[in-house]
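Asker: Quick mapping for you: the protein sequence lines, in order, are chains A and B.
End of the first sequence = 573 in the numbering used here, gap-free, step of one.
End of the second sequence = 402 in the numbering used here, gap-free, step of one.
Since the hints were made in silico from the structure, they are not lab data.
All C-beta atoms in this analysis are idealised placements derived from N, C-alpha and C, irrespective of residue type, glycine included.
Possibly wrong hints are sitting among the right ones.
[Stated by the list, open to error] Not everything, but these chain A residues come out facing chain B in the computed CB check (under 7 Å): (1) Phe-180; (2) His-194; (3) Arg-195; (4) Arg-197; (5) Gly-459; (6) Met-472.
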Amino acid sequence: MSIYGDSTKASSGTNYLTHTRGFLSWALTLDHKRIGVMYLVSVLTAFFFAGMAAMALRLELIAPGEWFLSQDNYNQMFTVHGALMVFLVLIPAVPAAMGNFVLPIMLGAKDVAFPRLNLFSYWLWVTGALFFVLALLTGGLDTGWTFYTPYSIEGDDHMSGAMGGVIPALTGAFVLGFSSIFTGLNFIVTIHRLRPPGMTWFRMPLFLWAIYATAIIQVMATPILGITLALLIVERAFGIGIFNPALGGDPVLYQHFFWFYSHPAVYIMILPGMGIISELISVHSHKHIFGYRFIAFSSVAIAIFGFLVWGHHMFTSGQSPLMNIMFSAITFSVSIPSAIKVFNWLATLYKGSISLNTPMLYALSFLFIFTIGGLTGLHLGTLATDIHLHDTYFVVAHFHYVMMGSAMIAMFGGLHHWWPKITGRMYNETLGRIACGLVFFGFNATFFTQFILGSKGMPRRYADYSAELMGAENFEIFHFWHFWSTIGSFVMALGFFLMLGYLVHSMFKGRQAPDNPWGGGSLEWQCSSPPPHDNFSEPPTVGDCYDYSMLEWDEKIQGYHRREEAATSGE
Amino acid sequence: MMTPASFISMLALAAGSPPMGPFGMPEQASTIAAEIDFVYQVITWVCIFFFVLIVFLIVVFVIKYSKPPGTKAEGTATHNTPLEVAWTVIPLILVIGIFYVGMKGYINMRNAPLGAYEINVIARQWSWQFNYPNGATISELKVPRGRDIKLIMSSQDVLHSLFIPSFRVKQDVVPGRLVTLWFNATHEGEYDLYCAEYCGQQHSTMLTKVLVLEEDEFARQIEEDRVFMDMLPPDRLYVAGPRLYARCKSCHSLDGSTMTGPTWKGLWEKTVSGETVFTDGTTLKDLIGEGKMFMNPEDYIMQSIANPQQKIVMNFTGAMPTFQGMLSPLEVMALTDFMKNLDKFDEKGVPKDPEDELQRVIDKAKEAEESSN
Ligand SMILES: [Cu+2]
Ligand SMILES: [Cu+2]
């Protein structure tokens, strides 16, 4: 029994982790917290495999020649990396994993609106993942995660690449799409129906606004992906001409369909991350978030504009110049809400009382990286420069700054922020900071170099760069920057392994977490760590969740408590 | 008056070395490159400004406001509408400006000038083919310097994308459509041409060169590219082998190693003895002869090139595209002759005897022609 045990575990003896036991009590649970934890473990497992694929790619590119992976292996590897990261990791990471755990508690609710649907979403995720495994067992695929036609339609005999896994992989993505739709639907209804009395729309934590905007995209855009993938399966299996010009189809139509989902999907990945950052920056600065309404509306604005800009992925595809110009113009409109958020976060830091805890370090890393990722979007939204940069490493660097450097960093920030709540334990703060530093520097070394590669003209998805085929000067430049990019990726991997180490360690040996280790004002910090099975023993009081004036630091429990509590619990 | 700067730039022009682009962009070797780079530079400076501003503020705030736990924040207002409107409107104005310069640059690079010199481009897994108005067909892109060039492109199989970094041009080549691209090269020299759209196994080897030549030299080479086959002595057609082989080398090796297709080392011997086995279990021996599928070994090679799907060699796939109509009968004969005479070449296809170099043979033929006139 920990010395902190009694003062923190105010309510009953059991929590959601110890409430019931056994495999089935998890596999068939309707508890949003357990489902969130299962998502978390599953998503991180997929992240591990997709990350290993990325390391294999980087290792191959450290030197010219096919010294580590053959061309076929390389092509399959980047397909696996992309498909896993997008469909299994990025899309569910924040909404399904973090959102599931946090959202109902933030609302002071006992659970989401449809707990059974929630469990069903999770098992759909598992089914989708199994289809991906099946795709690898049936010969793999090398289409890239984008499945561009007509390459993805033609059979093994026309291409020497691997194609057996295309239909299983498409089916997997299709199923995962439904998992995402159901999660979105569930959250929309939960936010509409289960807010406690007193929590008006503009009193919701900003994370919930972000999740809400995300859920709208999930529900509205994902069906398009489902239809597109289904058409592709039909075309591939039965030879019906839809996207294949040899059968009278149109490959550019496929790109329109694909990006009509996949551009908004970018916001499914980044918006919830932005929501996390709004929480982290305010809580760890112990200061009211600045410009609440602008941040909330900018989430909604991003969700809406996000539907209108898909054509910026297709500036060189052969779509008409007029369309290109229109898509370019609308694309710039998305940059404004993002800029608003960054400035509001900065203003929140101003005159705050900043604690450089591990979650805050992730939030600051996010600010740095997202600024670069967002600004380099200007090069790509601009027509004249995008023509040169499209399909080069510049694009690879840009979207990794936004997906990996922003969405995933935010997710890890959130993980460290809510870890005490999820597990009831504190991790080693020093190791946490070191790991964050390794990830931050490793990440920038890996991907900043790729902006330079791309400007110089290095095309993406190249298994090799060779002195025989390229001009000597270009070859030298590519070799140099590829080398440093690979070194960076190893530093980043080291950071992640360290993180894995201390997080696992903390589950067994970590200090008992206080209910409110960081001084957060939203409702999840009012229930115990870890929360009881039904979250709140008595209905929580709802106030301004960004008002920290009532929270007092308590040296004894190494955490915060509310001033009115302080009066009663003073033993 | 000639200033030193303009003198130096004249020298540079004369020496034919194009200026480097700013911020890591490649050399500027086309008429539009400088304008695109200007846009690139403007955007990059805007980025640097905001990046430095934001990171500076983060660092200052973190240093200044880092406090031990429990310290209450000094605090500010929770919002400030004029301020927030300001940081909405200022970026808005900036991005409208960026959009506008970007659009102008794009329109200039999109609309091909009238009267441009037209070259047909055929993309296929995994090679480029350039067809000239005079009938020449080559696998490197040769263009005259200072002339507007329009590429009219089509793909035989999947998506490809023609990308010349030094010219700042890129266009996806979409099967079932004709797409165009134009440029005007400003400096003589050799530039890289990449396939930028993923197109399968050997996407990363689908590269070739752009050769920018002076007008006269261009005209001479292109004419020679058209007629060189006719100038070869009929008993030494194989000297054209290495050049024609350039289109096959992404899949066929000369050194015995297996790539996408069977190696050509020993191919001729294997064909004559008829030991080749196909995926349907048949053997070449049983298919060669009067009234059978193939009249003789030469016919087998010819049909393998024109109609590769007809019989697939065991342990391979039908990955070979047809070359029907892309190689003249004479060129097919030259390739067959090359396979028969592989011992005259090393493993990279370089002739062992300098007398077998294509250029030398052509020059000799020309000399002979001139002296007979
Ligand atoms: Cu996009
Ligand atoms: Cu390609």
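Asker: Hints broken by the structure, by number, lowest first?
Answerer: Numbers 1, 2, 3 and 4 - these are the hints that the structure violates, sorted from lowest upward.
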